[in-house]
Amino acid sequence: PPFDFDYFTDESAMGFSFFMSTVLIFLIMGALFESFLMPIAIITTIPMAILGAYWSLYFAGEGMDNIAAIGMVILIGVVVNNGIVLIELVNRLRSNGKNRFDAIIEAGERRFRPILMTTLTTVFGLLPMAFGTPTPGSISYTSLGKVVVGGMTAGTLLTLFFVPLLYLSLDDIRTGAGKWIVWITNKERA
Numbered sequence: 193p194p195f196d197f198d199y200f201t202d203e204s205a206m207g208f209s210f211f212m213s214t215v216l217i218f219l220i221m222g223a224l225f226e227s228f229l230m231p232i233a234i235i236t237t238i239p240m241a242i243l244g245a246y247w248s249l250y251f252a253g254e255g256m257d258n259i260a261a262i263g264m265v266i267l268i269g270v271v272v273n274n275g276i277v278l279i280e281l282v283n284r285l286r287s288n289g290k291n292r293f294d295a296i297i298e299a300g301e302r303r304f305r306p307i308l309m310t311t312l313t314t315v316f317g318l319l320p321m322a323f324g325t326p327t328p329g330s331i332s333y334t335s336l337g338k339v340v341v342g343g344m345t346a347g348t349l350l351t352l353f354f355v356p357l358l359y360l361s362l363d364d365i366r367t368g369a370g371k372w373i374v375w376i377t378n379k380e381r382a
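The numbering of the sequence shown is the working numbering, which starts it at 193 and goes up by one.
No lab work stands behind these hints, which were simulated from the structure alone. In this text the structure is predicted, and so the values were computed from the model without any measurement. All residues carry an ideal CB built from backbone N, CA and C; glycine is no exception. Zero decoy hints are in this set.
Heads up, simulated SDA-like pairs for lysine to any residue below, C-alpha to C-alpha not over 20 Å straight-line:
| # | residue 1 | residue 2 |
| --- | --- | --- |
| 1 | K371 | F228 |
| 2 | K290 | L360 |
| 3 | K371 | L360 |
Between beta-carbon pairs, the in silico distance windows are:
| # | residue 1 | residue 2 | range |
| --- | --- | --- | --- |
| 4 | G289 | F353 | 20 to 28 Å |
| 5 | F354 | T327 | 34 to 42 Å |
| 6 | A223 | L360 | 21 to 29 Å |
| 7 | D294 | G329 | 53 to 61 Å |
| 8 | D294 | S330 | 52 to 60 Å |
| 9 | I266 | E301 | 25 to 33 Å |
| 10 | S227 | E301 | 22 to 30 Å |
Work out the full structure: start from the sequences and follow the hints.
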């Protein structure tokens, strides 16, 4: 039977899938970190990864299709892993008494190699899929490979450089808000 493709229905379903994936990941990270502020630093890797995915499709001369959209949903789930690993170690080091700057530097040094290794194994593992030639008459998964390769590369760069900066900014907001709440509470008691 012929396949029926309704562009607008499929596009809205893809958008909903992206949105729900991001929300579920955010909620899971909020539960993991016992805070909904710190996962914001990690969730920001998703837009950069999506931008990298679109760049890889653009430079390859391909457009967004259903297979690439599946790659985007996979990418959303995979790209946050490096940020989780990094921020989890920062939090653990801080709970052991390190100040936040030393904890971020040490976490970056200790997690740089594992983050780079996991990204490179994913990228190099998908290169044959991304640049392979599909057999005639079969479904081409090259766009899925290109989306994940481009997105993982861009997302990893963001994880290594911007996630620690965002962590510092969000930590300032968290501690500032805490001080403000204490100040308001003490003022009301007086």
